[in-house]
Every structure is written in structure tokens, then in C-alpha cells.
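Colleague: Work out the full structure, taking the sequences as your base and the hints as a guide.
One-letter residues, chain by chain:
There are 2 protein chains.
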Amino acid sequence: MQLDQIGELQLLKEIRKRFKSTDKNIVVGIGDDAAVITPQKERILVTTDMMNEGIHFDLSFSAPFHLGFKLVSVNVSDIMAMCGEPAYLFANIAAKKNADENFLWGLFAGISTAINMYRMQLVGGDLSTSEDKIALSATAIGVADKVVTRCDASAGDRIYVTHTMGDSACGLEILKRLAPESKNVVQDIRLDDISPPQNINHLLLQTTGSLVQIDWNIAYSLIKRHLMPIARDSGEFLPYAASMIDISDGLFIDLCRICDESNVGARIYLDKIPLSKEIRYASEIMGLDFRHLATTGGEDYELLFTIPASVSSSHIINATCIGEIVEDERIVVDEAGRESALKAEGYQHFGP
Amino acid sequence: MQLDQIGELQLLKEIRKRFKSTDKNIVVGIGDDAAVITPQKERILVTTDMMNEGIHFDLSFSAPFHLGFKLVSVNVSDIMAMCGEPAYLFANIAAKKNADENFLWGLFAGISTAINMYRMQLVGGDLSTSEDKIALSATAIGVADKVVTRCDASAGDRIYVTHTMGDSACGLEILKRLAPESKNVVQDIRLDDISPPQNINHLLLQTTGSLVQIDWNIAYSLIKRHLMPIARDSGEFLPYAASMIDISDGLFIDLCRICDESNVGARIYLDKIPLSKEIRYASEIMGLDFRHLATTGGEDYELLFTIPASVSSSHIINATCIGEIVEDERIVVDEAGRESALKAEGYQHFGP
Chain D
1 MQLDQIGELQ LLKEIRKRFK STDKNIVVGI GDDAAVITPQ KERILVTTDM
51 MNEGIHFDLS FSAPFHLGFK LVSVNVSDIM AMCGEPAYLF ANIAAKKNAD
101 ENFLWGLFAG ISTAINMYRM QLVGGDLSTS EDKIALSATA IGVADKVVTR
151 CDASAGDRIY VTHTMGDSAC GLEILKRLAP ESKNVVQDIR LDDISPPQNI
201 NHLLLQTTGS LVQIDWNIAY SLIKRHLMPI ARDSGEFLPY AASMIDISDG
251 LFIDLCRICD ESNVGARIYL DKIPLSKEIR YASEIMGLDF RHLATTGGED
301 YELLFTIPAS VSSSHIINAT CIGEIVEDER IVVDEAGRES ALKAEGYQHF
351 GP
Chain B
1001 MQLDQIGELQ LLKEIRKRFK STDKNIVVGI GDDAAVITPQ KERILVTTDM
1051 MNEGIHFDLS FSAPFHLGFK LVSVNVSDIM AMCGEPAYLF ANIAAKKNAD
1101 ENFLWGLFAG ISTAINMYRM QLVGGDLSTS EDKIALSATA IGVADKVVTR
1151 CDASAGDRIY VTHTMGDSAC GLEILKRLAP ESKNVVQDIR LDDISPPQNI
1201 NHLLLQTTGS LVQIDWNIAY SLIKRHLMPI ARDSGEFLPY AASMIDISDG
1251 LFIDLCRICD ESNVGARIYL DKIPLSKEIR YASEIMGLDF RHLATTGGED
1301 YELLFTIPAS VSSSHIINAT CIGEIVEDER IVVDEAGRES ALKAEGYQHF
1351 GP
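In order, the protein sequences belong to chains D and B.
Take the first sequence: its letter number 164 is residue 164 in our numbering, and every next letter is one higher.
Every number in our numbering is 1000 more than the matching position in the second sequence, counting from 1.
Don't take every hint at face value.
Unchecked claim - FRET-style restraints, in silico, Cβ to Cβ:
{"#": "1", "chain 1": "B", "residue 1": "Asn1318", "chain 2": "D", "residue 2": "Cys151", "range": "42 to 50 Å"}
{"#": "2", "chain 1": "B", "residue 1": "Ser1021", "chain 2": "D", "residue 2": "Leu191", "range": "52 to 60 Å"}
{"#": "3", "chain 1": "D", "residue 1": "Tyr347", "chain 2": "B", "residue 2": "Lys1017", "range": "17 to 25 Å"}
{"#": "4", "chain 1": "D", "residue 1": "Asp23", "chain 2": "B", "residue 2": "Thr1038", "range": "15 to 23 Å"}
{"#": "5", "chain 1": "D", "residue 1": "Tyr347", "chain 2": "B", "residue 2": "Lys1272", "range": "53 to 61 Å"}
{"#": "6", "chain 1": "B", "residue 1": "Asn1098", "chain 2": "D", "residue 2": "Asp193", "range": "39 to 47 Å"}
{"#": "7", "chain 1": "B", "residue 1": "Lys1017", "chain 2": "D", "residue 2": "Ser313", "range": "33 to 41 Å"}
{"#": "8", "chain 1": "B", "residue 1": "Asp1260", "chain 2": "D", "residue 2": "Glu131", "range": "27 to 35 Å"}
{"#": "9", "chain 1": "B", "residue 1": "Asp1260", "chain 2": "D", "residue 2": "Ser313", "range": "55 to 63 Å"}
{"#": "10", "chain 1": "B", "residue 1": "Asn1318", "chain 2": "D", "residue 2": "Pro308", "range": "56 to 64 Å"}
{"#": "11", "chain 1": "B", "residue 1": "Pro1239", "chain 2": "D", "residue 2": "Val311", "range": "32 to 40 Å"}
{"#": "12", "chain 1": "D", "residue 1": "Glu131", "chain 2": "B", "residue 2": "Ser1310", "range": "46 to 54 Å"}
{"#": "13", "chain 1": "D", "residue 1": "Asp193", "chain 2": "B", "residue 2": "Asn1184", "range": "34 to 42 Å"}
{"#": "14", "chain 1": "D", "residue 1": "Val212", "chain 2": "B", "residue 2": "Lys1024", "range": "53 to 61 Å"}
No lab work stands behind these hints, which were simulated from the structure alone.
Cβ coordinates follow ideal geometry from the N, Cα and C atoms, glycine included.
Modeller: This is the structure we're talking about:
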């Protein structure tokens, strides 16, 4: 049924039913003018991020489930990057008057899966019509006793990243090249797919005039990183980290943000940047430079943090050291030991 | 200059400079992954509202200043309606890549004027491109020891509203009928205009084929209520109110929300609903029914609340009693004493 055949009051009633909470710290949940919460720690953390159709997502390959899931993750990633615990979510959704209700319920299914994973509660938001494109935003609230900012990196700190770099950007490159018959397959992928949907074993990509095949497992692994990124838990690094940021716009641009805020420089070793086998394989098929994707590609939502030299590296398990903070120069060292300038390259809204 | 000639990094730098705060409860303000706040009361209140171009506003008569001011007020109004104290604001702004920077700075001037008026701090948000239309949203955070919800109205409570009803909807009707030469005049109006800009003494309205004049002072008073609504301070009602809501979608629909949540009925006396002299005058010129505007018109952002029968009416100064809460019937009584059904009429997104 179309949303305008259901009406706002009925939609809100259904949303309230689906997201009913028994959390005793929620004094007033969905359905009043504002949510009322009793925070259980001294400090609250608040972040908000938008996702706009045509800019942040393309409905030809992103399913509503993916959008809902990602909307939560991108906000949670900011809470994690301060070493907070995500707790409450508010979602703003604007869609065309005559949008199908399946769009909305798909979106909420994605939101629901994500907030359960991050142990959060949905406690409010706003539902509105838009004239044309879909506009989404969310606000995440977290709690913390101690936080880690971008400002406290010092010369001598080691620089770490979680997981691998550039997979999300590489996944997006695959998605952009998908042949029409493969786009529908992608819309159906979820977080825990083991075997490919419809028993296919490859996807078809359109590259400069010709069609090429990419192995399903490789493609799935990269596409999933783009459509349904998972915010990394920073809890294990909290006792040691001096500074932290999440990589949303690209490794280099986000590292430069730490340098700017902390008034320091950095020295990065290209061959230490962790890369998945999938990015190497898929980049070759598409004729792309995987180093470029890994250093400037956005939306990885991995953590980038620095650890004081005095902390033993044996404490840092699930992250890779890629360089060190220095006084003021910003240098990239390649495999052959050649040095070049570290530039703030990556995604910028209103970029030139 | 166009926003894409300035770039996101430079824009954020300028925004940080303009909204630098010395509030000691802000541990981390604009510029990190999330804001970090130490709330000074036991409970926090959170609300979020969108404003989308073509749905919530029309750039042919709304100036960026108006949008920024209203974005804050509509969110603050929700905090006030819970009897909270507004404290922190987060603003999300999406505009076209090539939008002029004056749009952004006008918007921030409106935000700045409003947050100063409400004694709030801007501590975060998100700046993004949109493919076409402007998409705005904000999240307001308030604090409170005690809150007033929609759920605690009881039979016998008196029903009150602040100020006058329908002025914003009437102002919108004027704006929709403005002749082109009067639209520019309206873009320049601000909160404290005493004499009309450009020394004009009337605006021109296009009504069914002919042009009519409307007195500047009348028009200004109503238009201002629509373009720059002011959230009412609920502080004086906090000691007495049993239930409260802000009137954003219309008096009747919002009153029905209190009835639904509190499981009660209401009896409203039409002749007690407070009306401005301006709405009577302007409605007549436009051939509109002022009663209809006052009972179903949206965006007044006045407070609607109920006071237990045991509280002396002498305590309630700046509000008008318009009826009472009853067991379960929902009745409107007109000037002649005739009764009709109170219906949830007013603005609904995804309405039929």
C-alpha cells in the first residue's frame, strides 16, 4: 500500500509497536514531544549524520534494508570513535507521499537489525514527506565516563587502524559497474549470507564496453562492506588510545584531521596498510589502483587511533600499526623507502 | 562564492569559529566525531525534526535566515512541551553543490539568533550536498528534573492554550497569495521590525483574478508567526500542568493526541479559543474561515496543556482556558451552545 493511503497517525502507531522498549532508563520513549532519558554515565555523546538519495546512496542497487542498517552504523561509528557506548537512536525519514510502505518497513528492518546488534534502543525521530528524493538522518546518543578525542596525539605515538582499508570504496566501484541483471541480486544480500542468493557464482560488471565476471564471494565481501558497514567496537583500545577518529572520508584525509587537531605530523608506511585479498583481486579486474582506494576511499568506518610509545604493542591485538606520529612533517613512505607528502585526500562534500 | 568553491573543510572551520562556546558542560564541541556533554540535571530530553524544501518551506518567500530560526524553534518547542530547558542544538544541512555561500551564512545567522534567544549552544551537526532540494533537520537536547507528558490528563482538568490560535496558518495563506513584487519585501523581514522595510504600508495579494491590498502591520504580524515562530516558555506552567503538547499540526489534532495518550475525552468551547484581531481582518480579505484556521491550522507552536481542577485558575496567567477534559466524549460547543464532534483535523504527513 502507498504511504499516503495509510497516513502518518497509523504509520506512527505501527512504528511504536515495533520498537516498544522496556529499558528502565527510558522515561518517555516514542510518541511524545521529546524522548526523556536518564543517562547512566556522567557524560553523554551525541552525533548526527545524514544520508541523501543521489549523494549517499543509489536505489538501483541499495535496498531499503541496507539504508536502514547503514544509517545506524555511520552514526554509531562516530560514538565508537570517541570510545563511547552507543545507547539511543533517533531516525528522521522523508519519502515521497506515494512511496510504497515496503520501502518504510524495509528501512525499519535494517534499523532494527542494526540497533539490536549495537544494543541500542530507537526512542524517537520524525517522519515526513519529501517532494522528490529520499532524505534520511539519524542522531545517536552514547554514554561514557572517559572519551578519546582527535586532539591528543603526540609525537612518538604509534598509528593503528582496524581491519582492512578501502574495501567499502572498492565495493562501491563494483556496484557502479553492475550489469542490470546483477543489480537485483545485490538488493537481496544481507549480513549473514553464506551461499549466494539464487545460487549464482559470479556477478557481471560493465567495464569500458565489455562485460566481465567477478567471483560472487569476492564481490559479496566487498559490496557488503559498502552497503552494510559495521561500526567497530573501540572498547578494547579505550585503556590505551591517546587519540581516535573513524575513517569515513578516507584514511589520509581522516589521519590529517588527527594531525590538524593535535598539532602534530605523521609518517605512514604504505606497505603496512592492511589490505584484503578481495580488494587486490577486484581492483585488478576493474583496472583500479588498490593503493589509491585504500588510502583515499571513503566509508570504511574503521577506527584510526594512536597509542603512546610507552604502551607495549602486545596490548593492541585487533589492529595494525601503519606508522607513527612525528613533530610536524607529513610523510608517506613507499615499499622502496621513497618518501612523498601525505595529503588530505579523500571525500569532501562541496569538494572542488 | 559557491559552496563547492570553498569546500567542506573550510566551511567547517568557519562554522566552528562562529559557534565557539565557553560552556563548561561541553566537554567536546563542534569538530570531533561526536559532541560530549555533561548534563546538569538528572534527565535529558531529545527531539528531532526535519524541514524539507517544497514540503515545509518555499524559497520564493522564505529567506535562509527564516529557515535557520524556524529550524531551532520547532525543535525547542518540543522540549518546552515536555517542560524541559533547551540546552544544545545539532543542525543537519544539505544543499546543492553549487549553492551560494550566502544561503549557508543566512541560515546560520537565523540559527544563531534563535539559539541565543533560547540560551542554547550549537555543538554539532552534519553538512552535506543534496542532489536537488534543500534538506534540513535538527536535534535539540534539553534537561529537566521533572517532565510533563501527553499521558496524564484526567477528567476535570481545564484545557489551556497560550497566545492566539491559527495566526501561523493565516500567515501562510497570505504568503501563498503574495504578488511577486511583495515577495521580496517579505524575504527581508526580521523579528524586531518596527517600521516596514522600504517604507511600504501594504502588501499585494493575488486573490481569484484580482489584486487586493493588505495592511503591512496586519500582514507582518501574521507572516512573522509563520516564518519565525517562537517556542513558548513552559516554565511558568510546570508547577501546575498535568499534561502538555505543543500545537504543531493544529489545535484539534494535537488535542486529540492528548486525549488518545491519556485515554480521556475533551469538551471545547469555540468562543473561548483566543483569536488575534489580525486573523479576523486578514481572513476576511482572503475569504477564509478564521475558525477553521484557528482549530486545524498547523505550525502555531503554542502550548496546549491541562490543569487539574484542584489548581486555582489564578495561578495560570499567560494562557486561556478553552474547555475541559471529560471522561470519554469529544465535543465542540459553538457560540449558540450547539454541540458537534471534535475530530482530529489538522496537518498529517502522508495524509490522504
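Colleague: When the hints from earlier in the document are held up against this structure, which numbers fail?
Modeller: The structure conflicts with hints 2, 11, 13, although it agrees with all the remaining ones.
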